[in-house]
Every structure is written in structure tokens, then in C-alpha cells.
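Trainee: Protein chains in written order, with numbering that gives the first Met the number 0: chain C, 0 to 515; chain L, 0 to 327.
Simulated from the structure, these hints should not be mistaken for laboratory data. Cβ coordinates follow ideal geometry from the N, Cα and C atoms, glycine included. Keep in mind that a hint or two might mislead.
Unchecked claim - Under the rule of at most 25 Å between Cα atoms (straight-line distance), these lysine to aspartate or glutamate pairs were calculated in the DMTMM-like manner: (1) C:321 <-> L:127; (2) L:216 <-> C:125; (3) C:110 <-> C:133; (4) C:257 <-> C:229; (5) L:216 <-> C:295.
Stated by the list, open to error - To spell it out: a stretch of chain L is covered by chain C in this simulated footprint if at least three of its residues, at any positions, have a beta carbon under 8 Å from a beta carbon of chain C; those stretches are: (6) 182-193; (7) 201-213.
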Amino acid sequence: MTARNSIQLIDLCKSYGTVTVLKNINLEFRPGEVHAILGANGAGKSTLLGCLSGAVHPSSGSIVIDGREFKGFAPREALDAGISIIYQHFQLANSLSVSDNVFLGDERRTKWGFLDKAGQARITSEVLARIGLELDPDEIVEDLSVGEQQGIEIARSVRREPRLLILDEPTAALGKHEVEALLALVRRLAHELGVAVIFVTHLLGEVMAVADRISVLREGQVLWTRARSEVGIGELVAAISPDAVPLETRRSREMSQKVLAHFHGFRSSYCGPFDLAINEGEILGIYGMLGSGRTDLLETIAGARRPWSGRLTLQDRELHFKSTIQAMTAGVALVASDRLAQALFPSLSAVENLMMPHYSQMSRLMRKPRKELGVFRQMAADLQLRPSGPTTAGSAFSGGNAQKLVLGRWLCGLRDIALLLLDEPTQGVDVGSRAQIYQLLRRFAKEATGRAAMFATSDPEEAVALADRIVVLVNGQVAHVVDPSIGEAELLSLAQTAEIAHGATHQLGSKEDIAL
Amino acid sequence: MTAISNETGRAPAFTPSRIIILAINFVMPLATLVLMAFFAANTTAFLSLDNFAALISQNAAVIIITVASAMLLMAGYVDLSVGSVMGLAGVVAGLVFLDAGSVPGLLAGVAVGLGWGLVNGILIGLFELSPIVVTLGGLAAARGIALALAPNAVYGFPEAVVALGSGKFLGLGYIAWIALAVAAAGVLAMSITPFGKHILSIGVNPRAAFLVGIRVKKTILTLYALTGLSVGAGAVLIAARLDSAPSGTLGVGMELTALTAVLLGGVPFTGGRGSMWRVLLGVWFLMILRNGLALMNVGTEFTNIISGAVLVVAAGLEVLQLRLRKLA
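Pulled out of the complex, with its shape left as it was, chain C reads as follows (with noise of 0.2 Å):
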């Protein structure tokens, strides 16, 4: 491959209306170079992905590639640019075959018109083989590992032998082994065919691992731009998220003695075992990355997944769930995550999304629409809805309000919740709606006697401002319990030495990471 110019961005500003997301952005993304960029949720990381895949069209600035100047792009352009980016979420046709999908929506053909199979499948191979990956190019994408599915990803870009590769959170669905050969992919793609990487992940384990320079976001800004060599991971963690917690945030302290839950050897299928006791009033945070386990023993204790092992005491009952109404009953509900997919009815009105828990719990028969409304009003006093109207459909619903809403079902007094289960709890929602969200939890543990919370999320920083204890949990396990009062640099440079112990202990092969 011939030699290349670096890509670079000039003075890169991007606002939405009056909030300034990017601030004058200048880096240089060198062939050759893997180059990490980090940054705390918000800091601007996901627009200036987007400013570079052609999905956000940038303020003002410009995009520099082989002397050509871009004042922005449409999608299709950055293809053409040599631009190619990979989601978290892949976007494979898992019926087709592999080279199917290498060249998904650019099929070759033959002179008669008809497609090239025999010629897909040859440049296929070819390029599986630059790229290190022993797969046949008939096979079908459903029937590979996930690991594979993620090296067809990179096989789709790498045939069209783009300037720029960017990797977006790519290791978040793999498991250990396969986030190994990913990232000596990703070294041997810079490192071997020129290509210029970029490399965007919170595992500061993989930046230290396979990036050549690492710059990091802050506030929209570039804070730093710095090769790895340089850096250590304390300097890592202090740059993203310098040890500050708003004073609104933080709380008093006062709990009572009393235990109200208590796990003994607890196990969903994915964690445990889970020794622990909530007091009443305790809002226990868990802190875990993605794949950690957190939703697996959130929903287990819910009663929406099984198996359950192990010991649940609320109030002293003993406890065992086989479905989460048997959970609803007993005083346990869960605010599931990711709300669109999980929660929300967005086509049904918005009493209709608070009531639905409630209605066969109300009446048996006939529904009350009277009384329903009436809870509705005061909710939507309560939890400061926007908007309050009762016929406004879910969807209507902002992040914040609709996070609102849902968390309404449990706090509206329909049911005696006395354990409310969290996951995630202001994922997607604005910093107003997040300080509300956490007053209401706080009133709700701790304004009636007899209830706690428990939340799991993958923010130090709201690990921090909400909880009155922190469980770290690495893949599975309870690494420490830690008191908030550490503050999310701490926890969060805890929780990624547990993640990479817990790596060195289960993994032949990684120690490289830990040297670094």
C-alpha cells in the first residue's frame, strides 16, 4: 500500500441551537497509528464520530483527507472518502453468507449483469487472508461466533481499503478471547496496511493494549493528545473524569440499621454468589461495565429471568420468583433499561404507560378511569412531567420524562413496593431530569419506612451521586463494596484493575495487557 497523508481536523465546532458539543477539535489521525480517543458519557465523543461517518453535519470546520477539504459529509461521502466506521452493533444480514456481506450493497457483477459469486468469494478470501481470518466465504453469518461476525465487520471495511478506520465500542459484545484477537487485529490493520485507526472504548485495559496515541475528550474539547507510551492508567482516569461531584448530588447519609434484603449465596445464571444485606432506606448502587452481569441479576431478582439460586429475605419472608408479577406482589419491581426496547409503550397514552402494571391489581373487571386519572394528575405534580397531558402518547415523552414516567408505575402507591430495582436509571436522560430522577429516588428510600433501592449502572459518576453504597461487579462477582465517598476516579480505576485481574486469572495470553 502506498504511502498516505494523515486526516486531519481543523478547528471542528459543532452546536445544537445554544449548546456547544464540539469545541475547535484539531487532531491528526496518522496511517499507521491506532489512535485511541476517550471520554466521559457527554464529553463529545459519538457527534465527532458522527462529523467523520457523515450522520452529524459539523457547525464550522473542516475535515482535511489527502489535501482535500470537507466542509462536512453526507454518509455516502465518507465511504467515497476512504471513511469507514463499525458499530457497536453490527450490521450483518445473518441469513447471506460471508462474502455476501463483505460486499453487501457494492455487488460485483459479471459482463452479463448477473453477480460475480465466484469473483465475490475469491476477493473475499483474499482479503480474509490480509486481515488473518481463516473463514470459508460461503459460510453463513449466523452460524459464526460473535468474535467472527466482528472480523466480517472489519473484512467489509477493509475491502474497500479505507483511509480511516473507526472502531466504536468493538469490543462490548465480544468475550475475552475474542477481544485478544481483536485488538491484534486492529494492531496488525494500522500497524501492517497503513490504515489509520481510531479506537473508541471506556476499557482503558484495550486502549493501553492497542493504542499508539490516545487523546481525550472533555467537555467537547480535546484535553490532551499524548502517545501511550506516555501515559499511564491513573493519568487516564483523571483525565476523564477529574474527581469533582456536583453539591446537589450529594446526600445525607442517614439510614437506618435495619436490614430490609438480604442475599445469602444469591445466584442468577450469570452472577454470584451474592452476600449482601440492604438496610431500609440504603440505595445500593452497582457499578459493572457491560457484561458484568448487572441486568442478569437485576432481572433475575425481578422474577423476568431464571434460574435463582441461592437465598432472598425481604422483611425477613423468604423470597423466590417465577414471574415478575409474583414479584410486583411481594413488594420487588425493576425499571428496566434501555426504555424504548424495555419500558415504554410509546403508542399508548401517558396514563395508559403509567397505569399498565396496575389495571388487574385496581379491579378485576371494570376498570375505575376516574380514579385512574386522579393517580395520573398527582403523579405527573409529583414526578413534574412534561408534558402532563394524560392522552399524550409515550412517545411524546423527552428522555427525562419518559424515564420519569415509567419510574412513576412503582412510585405512584398502586403497589407497596418496599425493594425497587434499577438498571440503568437515567441512561439517555438530561443532567435537569437526572438530579429529579435521583430526588425521587431518595425520597422514595428514604420518606417511608421499610424500602430501598437498588441500582446497577456504568457510570462511576452516577455510582457516585446516587448510591450510599457501591458493589463493583466484574463479570459476575462482587469485587469490593466500596463507600461512595471515594469518588468515581477511584472506583473507576478499581473496577478496571478487578476487570483486568479477572482477565489475567481467566485468560492465557493477556498478560501482555497487564505489563503495559
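For this one, chain C is given, so just place chain L on it according to the hints.
Mentor: Leaving out everything else, chain L in the frame of chain C:
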């Protein structure tokens, strides 16, 4: 939408697209009225209480089965076996009428429908088999069984059965009363019972429904059982009215008629929305279309062409409405 309307949830001002959205709601009622006016003007027999009463009796099974199918589709599920199972239930009822008398026959017919519905419900609701596949299989199998049991029409039913089929109360046939009662029950079920809300929740987001404690599998099972029950009931009522159970024709095409009525009533094929009132309007539209054209001596082929065209137009308007809503 303006920022203010967004904040308060109050209805926004009347913009052209909002007017179109609202107007689309009136297309079906208006089309029904126009159709009725047209038939009233062009035939002498159409606009009379007697004709309407007879129409409801004739279509008793259609009405009953459409109500059940509508609830099923609102949950996002479909039953293509209703026509064949109706044939089977009618034939079984007929054979038992001749063998054991009227009450055992009625019970047997209803039991066949209910039983078949339960099996559908178990396979689809509990074991999560594809509704299309399972009920398409039923469409073929039930008709086959009906024909095997009785290659020719079964007829000559006991007097009590004939009386049920042709008797009247206040000028309206018994079976018409039953159909109207089922229609009323359908409206009430969707509007005032928890069950109705659970059906919609499953149609909109089954995962969320499951997580908030709705018994999704049981609800689907119940819906198929109810559909089967209504098929069995429809079968015996029509057999009683005809004083005959023709194994080859009883219920043929019922799945399409019921589905057309439900879709005309604005229930999307994916479920999650819909009003039982509008579904009943959809049935009524199909009923008068057939009746009016028959009175005008127009062949059934035109009935089919028109109802097909109307269905596609209605679907198009539905899409337009959704698009405009998203823009609004």
C-alpha cells in the same frame, strides 16, 4: 408543534396536516354513509329495518368472529384457521344434532371451536410457534377433517335447532341478538376492562408488557381460546340458521372477511392500536357492500374487487395519517 403545546400537552393549533390527520378518521364513517345513501337511492329493498335485521342474522358468524379476531390482532396475533374450524365445528355439531339431539350438538360444535382455539393458543402462546404457520396448518387440516367426517352437507336438524336459527325476538333473529351481544361485549372488553389494556400493551411492546407483570403468554392463550370459542359459536348459529352444515363451504373465506373487516377498522397488522367501534364499522361496511350489490344484481366478483380496493385505500390513508403525525 409549538414549544408551548409541548410543555402543557394541550392540543396544538389547527395546522393543515393536523386537519388532514383528523379528517382521515372520518373517511370510513363517511364512506359507509355514502355507500348506504347510494344503495338507498338505487334499490328499493335496501333501506328497511327488515333488510338490516336479516343482514345481521346472515352475518352473525362474521360479526362474532371479527370481534374475536380484532382483539387477537390488537395484540399482534392472527388466526387464519377460523374459516376451516368453523366448517369443522358446524359439521360436528350437525352430526351430533342428528345423532344425539340439539343440546349435545350445540355443545359439541362450540367445544370443537374452543378446543381448536386452545391448541392454537398453546402452540403459539406457550410454545411461541409462528401464528401464521400454526393457523395456516389449521386452515388446511380442519377443512380436511370436516370433509372426511361428512363428504356431503349434513342437514335435517331437530326442531329446536331450527327454531334457534330462525326464531325472532322483537323483530330481530335470536342469532342476531347474540351477535350484537358479542359485539357489545367486545366494545366493553376493549374499553373498560384491564384485559383490553393488557391486549394493547402486548401489541405495542411485548417485552415491556412482560416486565411490568402482564401475563403475556396466558393472555395470548386466552385470546386464541376466545377466538376458537367464537368460531364454534358462529358455526352452530349459522348451521342452525341454514338448517344445514355444508362441509365444503361452511366458513370458507371467513379468515379473509374477518381480517379485512379488522383492517378496515384501522387495526394495524402489527397490532398495538385500534378501536372496537371502528372494527364494527368495518364489518358493517362489508356487510352492506355485499348486500347492496346483491340487491342491485351485481355479481360477487365486484363485491370482492371493491372490498379489496377499499382495503388498500384504507391502508394507504392509515400510512398517510401516521406519516403526518410524525411530521406534526
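Trainee: Taking the earlier hints as the rules, which of them does this structure contradict?
Mentor: Violated: hints 2, 3 and 4.
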